[in-house]
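Undergrad: Whenever a hint applies, use it, and build me the whole structure from the sequences.
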Amino acid sequence: MKRVLLLVGILFLISTEGIQAQEDASRYLDSIEKKYSTLKNYVVDVNVHFDIEALKAPDLQAKLYYKAPDKMKVESKRIFFFPQEGGYFNPSLFKKKAFDVRLVERLVYDGRKAVRLKLTPMDTNTYDKSFVLTIDTDRSLIREIKISPSEGREVKATLDYGRFGDFELPTHIDLQIDMPSGEPTGMKEFTQFGQKAKRITGKVEITYSNYRINVGLSDDIFREKGPQKSE
Amino acid sequence: MKLFWFETYKIFSRWRTYISFGFIALIVIMTEVVMKLSAHEILYRMMRSFQKDFLIFGNVLNGWFITAFIMNSLHIHIPFFITLVAGDIVSNEATSGTVRLLLIRPPSRSKIITAKYLTTLFYTTGLVIFLGLICITLGLLLFGKGDLIMNYQTKFRLVLIPEAEVPLRMLLAFTAAVWSMTVVASLAFLFSTLAENSIGPIIGTMAVVIVFLVLGNFPFDFFRMLSPYLFTTYTVFWQRFFDQPIPWQEIAKSAVILGLHNIGLFLIAFIVFNRKDITS
Amino acid sequence: MEAYSNKEVVLRTHGLSKKFGKRWAARDLNLEVYRGDVFCFLGPNGAGKSTTIRMILTLLTPSAGSIEIFGMDLHKHRGAVLSRVCGIVEKADFYLYLSAYKNLEILGSMTRRVQKEEIMEALEVVGLTSRAFEKVKTFSHGMKQRLGIAQALLTKPQLIILDEPTAGLDPQGMKEVRGLIKELANEKGMTIFLSSHLLSEVELVATRMAVINRGELIAQGFVSELLDKEPIEYSVQVSPFDSAVELLGKLTWVEVLAAEDGKIELRVEPGRASELNRFLVSNHVEVLSFYPHRTLEDFFLKITEGTSEI
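Chains as they are written, first to last, in our numbering: chain A, 140 to 370; chain B, 6 to 285; chain C, 8 to 317.
One thing to keep in mind: the hints can contain errors.
Okay, the calculated bits of chain A under chain B, using three or more residues with CB under 8 Å as the criterion [unchecked claim]:
hint	stretch
1	188–194
2	217–224
When the alpha-carbon atoms are kept at most 25 Å apart in a straight line, the in silico SDA-like pairs for lysine to any residue are as follows [said to hold, decoys possible]:
hint	chain 1	residue 1	chain 2	residue 2
3	B	K281	C	H21
4	C	K163	C	R91
5	C	K98	B	S101
6	C	K14	C	G72
7	A	K285	A	D262
8	A	K202	B	N64
9	B	K150	A	I360
10	C	K257	C	E293
11	C	K83	B	S113
12	B	K281	C	D35
13	B	K57	A	V271
14	A	K235	A	N353
15	A	K206	A	R217
16	A	K179	A	T346
17	B	K281	C	H84
18	C	K142	B	W20
19	C	K144	C	K182
20	B	K57	B	E46
No lab work stands behind these hints, which were simulated from the structure alone. Ideal Cβ positions, reconstructed from N, Cα and C, are used throughout, including at glycine.
TA: And the structure:
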């Protein structure tokens with residue numbers, strides 16, 4: 140009996156510690172949310188440099204508009220490619236209530252104390268992918284985002300920050316991407332042979348400059364022409 | 006030169022010459038109108054593999070893009086329109102009996118066949134330039150301008166060419182397209198020299214073009230080995246001008262191979278015509 | 008006839024031969040055409056007339072032999088020779104989608120620069136001035152044949168080669184073309200080389216002739232020598248009939264054998280058939296047809312019997 144009580148006690152302690160750890164992990168997201176709670180909107184100049192075999196393009200420039208919680212618009216006189224994921228800074232993206240947050244490890248990142256968290260979406264209708272974040276715990280900054288959506292795609296964003304007024308915002312995002320290609324259709328090229336399963340792999344470097352923060356962006360701006368719709 | 010202008014006058018006095026121009030105009034107008042009406046669907050089909058991972062902003066479906074898209078159909082309809090005239094230019098003289106009037110004149114057969122060949126090249130050039138002009142003019146009018154996105158589906162590659170570079174690249178691409186199409190013209194011209202009616206050369210040329218295209222695209226090792234020996238493998242070299250960076254060596258190689266085809270085909274036609282007994 | 012010994016030979020062939028496969032279409036032809044001749048190359052269909060003409064006009068390459076025109080070797084001086092020669096092979100085919108004028112302009116300019124006036128003059132000679140700017144596809148066969156002669160005249164050649172120029176024409180058309188041939192020879196001083204399978208045609212237009220059968224030359228010489236050694240019977244259709252019969256009755260060198268239903272059967276002294284034709288025309292009698300009762304087969308039979316050696 141004593142042994143049984145001991146075992147139950149151990150199990151209880153383990154599970155309590157697990158819950159505590161989970162609460163512990165969520166607070167990192169909390170602190171980020173708090174840090175940027177007064178960031179209502181920003182406008183920033185973006186330069187994108189592609190180093191991807193499957194996408195040959197010169198450096199592209201645009202103006203990016205963001206408005207909390209999730210409005211984004213890109214304005215460019217020319218054609219502009221922008222990564223679907225991890226390309227811009229949205230502090231509202233990682234709300235703790237939306238994810239099951241697990242602490243993966245504590246580490247030193249770039250000479251500073253950091254944690255690595257795994258975020259699994261509670262509602263897969265809202266998010267269809269999980270994230271692994273590396274957070275600088277002292278500065279409450281996300282330094283790395285690993286996105287693992289479905290179909291074997293993988294995107295890893297590394298963020299560098301600068302201080303702009305009251306906020307630390309990304310000046311540079313390096314995206315490492317490795318994605319399977321979609322099915323080929325449309326234009327044919329007669330010199331090539333059978334289709335092989337190919338992947339888009341490479342690096343996208345996004346540089347942000349000239350932040351204008353909390354400049355009062357109206358919703359109308361975001362109703363204007365957006366990206367090319369696929370359907 | 007005089008003979009060249011006479012030949013040019015003759016082909017442009019025939020309504021069949023204008024069929025080609027008319028149909029090209031019709032094809033381009035229809036394609037561009039349909040593309041205008043179903044722009045989203047086209048974009049979806051063209052870009053869906055990239056749109057999963059990238060947001061694409063700006064005027065992708067612009068006049069340059071439309072032009073490049075239509076140029077991809079160059080393989081089939083332009084050769085057909087070329088053969089309509091190139092396959093007829095010599096054989097028609099035999100069919101109508103005018104060869105007997107033509108070849109008893111002081112100019113040598115060599116001069117006559119050369120004039121006819123130059124006229125064929127002139128017509129081919131005119132046809133491709135016409136395609137280019139109508140595509141670009143109508144495309145820019147209907148779809149506006151912008152950077153050019155080339156989607157090399159089979160290579161799985163998307164290339165973005167800044168608008169400032171597009172006109173020059175387009176000019177180079179159309180020059181290359183003209184060069185490619187002169188091989189089809191030379192082939193039809195040779196068949197026209199061999200035949201005494203127009204149907205044979207037209208069908209013969211189209212058969213060769215289609216068979217070569219099919220053979221060159223079979224995904225089997227045997228056909229891959231065969232591919233370098235098919236001229237159709239090189240006729241798409243105009244697309245290379247939209248690559249990044251432009252593969253000059255590959256372009257030069259294709260251009261030389263096609264040029265050698267032209268020389269070879271014309272030389273055979275030249276010899277055949279000079280030795281031909283006119284019995285019709 | 009003696010005058011011919013001093014005449015310039017415009018066209019001469021030496022052993023001219025053409026073989027198609029194993030068949031000789033023309034074999035060892037030695038022809039001589041003198042300046043001012045209306046030289047008729049006579050032979051049945053398939054005898055090798057067209058083949059010979061095509062070789063003379065460089066449409067066919069001879070298998071053997073050579074051709075000399077204006078004293079120049081045709082093979083070596085093709086351009087220079089052909090600038091003085093013109094011809095129609097088989098039938099006159101033109102660019103149907105072009106006007107008569109444009110056809111002449113293009114074809115004429117291949118020999119030398121031609122002026123508008125020259126084109127119109129050539130069209131006038133053949134009576135096509137009013138149709139000058141109409142597309143040839145609207146022309147009848149006879150009109151095309153006349154246009155063919157116009158194009159032959161345009162560059163003012165010294166030698167005109169005509170392959171069966173009256174083939175496919177109605178009697179009126181035949182008459183017009185023959186008249187034109189005579190006019191070219193007599194008034195413009197051109198040398199005419201024409202082929203025909205009609206013996207009557209030879210008698211009506213030619214001064215000299217050569218006979219070919221199965222690719223081989225059977226005879227060559229003056230028409231009068233070869234054809235008119237004995238009186239020939241002719242059938243003539245004329246209008247008005249009665250006055251023609253009356254006129255013919257007055258001629259001592261013509262014997263009227265029968266005259267009924269608008270047709271007169273008569274016998275003419277050798278070499279005077281052309282004279283008879285002229286006589287009737289000058290007396291306002293329209294000659295609707297005029298043909299001998301001798302067939303080409305008869306003639307060949309006679310020649311091959313060795314009765315008409317050159």
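Undergrad: Please go over all the hints and tell whether each is borne out by the structure.
TA: Verification of the hints:
{"no.": "1", "hint": "188–194", "result": "holds (count 3)"}
{"no.": "2", "hint": "217–224", "result": "holds (count 8)"}
{"no.": "3", "hint": "B:K281 x C:H21", "result": "22 Å, holds"}
{"no.": "4", "hint": "C:K163 x C:R91", "result": "8 Å, holds"}
{"no.": "5", "hint": "C:K98 x B:S101", "result": "11 Å, holds"}
{"no.": "6", "hint": "C:K14 x C:G72", "result": "23 Å, holds"}
{"no.": "7", "hint": "A:K285 x A:D262", "result": "19 Å, holds"}
{"no.": "8", "hint": "A:K202 x B:N64", "result": "16 Å, holds"}
{"no.": "9", "hint": "B:K150 x A:I360", "result": "24 Å, holds"}
{"no.": "10", "hint": "C:K257 x C:E293", "result": "18 Å, holds"}
{"no.": "11", "hint": "C:K83 x B:S113", "result": "12 Å, holds"}
{"no.": "12", "hint": "B:K281 x C:D35", "result": "22 Å, holds"}
{"no.": "13", "hint": "B:K57 x A:V271", "result": "21 Å, holds"}
{"no.": "14", "hint": "A:K235 x A:N353", "result": "24 Å, holds"}
{"no.": "15", "hint": "A:K206 x A:R217", "result": "23 Å, holds"}
{"no.": "16", "hint": "A:K179 x A:T346", "result": "21 Å, holds"}
{"no.": "17", "hint": "B:K281 x C:H84", "result": "19 Å, holds"}
{"no.": "18", "hint": "C:K142 x B:W20", "result": "14 Å, holds"}
{"no.": "19", "hint": "C:K144 x C:K182", "result": "23 Å, holds"}
{"no.": "20", "hint": "B:K57 x B:E46", "result": "15 Å, holds"}
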